[in-house]
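> Sequence:
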Amino acid sequence: MTQVRDLFDLDLLLSSGAVIPANETASIPADLLQEAEQRCLAMRFGDFKSQVLSYLAPDHQVAYDDPEVWDHMVLRVTEALRGQR
887 MTQVRDLFDL DLLLSSGAVI PANETASIPA DLLQEAEQRC LAMRFGDFKS QVLSYLAPDH
947 QVAYDDPEVW DHMVLRVTEA LRGQR
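Using the working numbering, you'd call the opening residue of the sequence shown number 887 and step up by one each time.
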């Protein structure tokens with residue numbers, strides 16, 4: 887099961903410059919990538935706050951305690967998934 891922490895971790899990797907090589911995901915069926923994208927879009931900021939935010943260092947909590955920041959994280963991850971189709 888995909889969890890909010892998974893999306894947070896993927897966004898952290900992507901925003902630090904990590905790239906998902908096309909050859910690594912070429913064998914992943916398009917419907918599975920679409921399902922992953924849909925699961926990301928179903929995750930809510932409230933879930934992020936309750937499951938991840940409270941475990942971050944206080945200075946990081948300030949940076950991430952914003953629904954718009956969460957929306958940008960979801961967008962980055964879903965765009966990365968779309969790029970693999």
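A couple of the hints might just be wrong.
[To be verified] Each pair of labels, with its calculated beta carbon distance range:
(1) Met887 - Val948: 28 to 34 Å
(2) Ala916 - Ser940: 19 to 25 Å
(3) Ser936 - Leu899: 31 to 37 Å
(4) Asp952 - Asp917: 28 to 34 Å
(5) His946 - Asp917: 34 to 40 Å
(6) Leu899 - Asp945: 33 to 39 Å
(7) Ile906 - Ser940: 15 to 21 Å
None of these hints come from the bench; they were simulated from the model.
No residue lacks a Cβ here, since even glycine has one placed at the ideal position from N, Cα and C.
> Measuring from beta carbon to beta carbon, are alanine 916 and serine 940 in 19 to 25 Å?
36 Å, violated
> Check the following: the C-beta atoms of isoleucine 906 and serine 940 are separated by a distance inside 15 to 21 Å.
For serine 940 against isoleucine 906, whose Cβ atoms are near 29 Å apart, the range 15 to 21 Å is violated.
> Starting from the hint 28 to 34 Å, judge whether the C-beta atoms of aspartate 952 and aspartate 917 obey it.
The hinted range 28 to 34 Å holds for aspartate 952 and aspartate 917, with Cβ atoms some 33 Å apart.
> A range of 34 to 40 Å was offered for this pair. Does it hold for the Cβ distance of histidine 946 and aspartate 917?
35 Å, holds
> Quick one: are leucine 899 and aspartate 945 within 33 to 39 Å, going by C-beta?
20 Å, violated
> A range of 28 to 34 Å was offered for this pair. Does it hold for the Cβ distance of methionine 887 and valine 948?
29 Å, holds
> Tell me if the beta carbons of serine 936 and leucine 899 are separated by a distance inside 31 to 37 Å.
Between serine 936 and leucine 899, where Cβ atoms are some 23 Å apart, the hint is violated.
Checked against the numbered hints above, the structure breaks hints 2, 3, 6, 7 and satisfies the rest.
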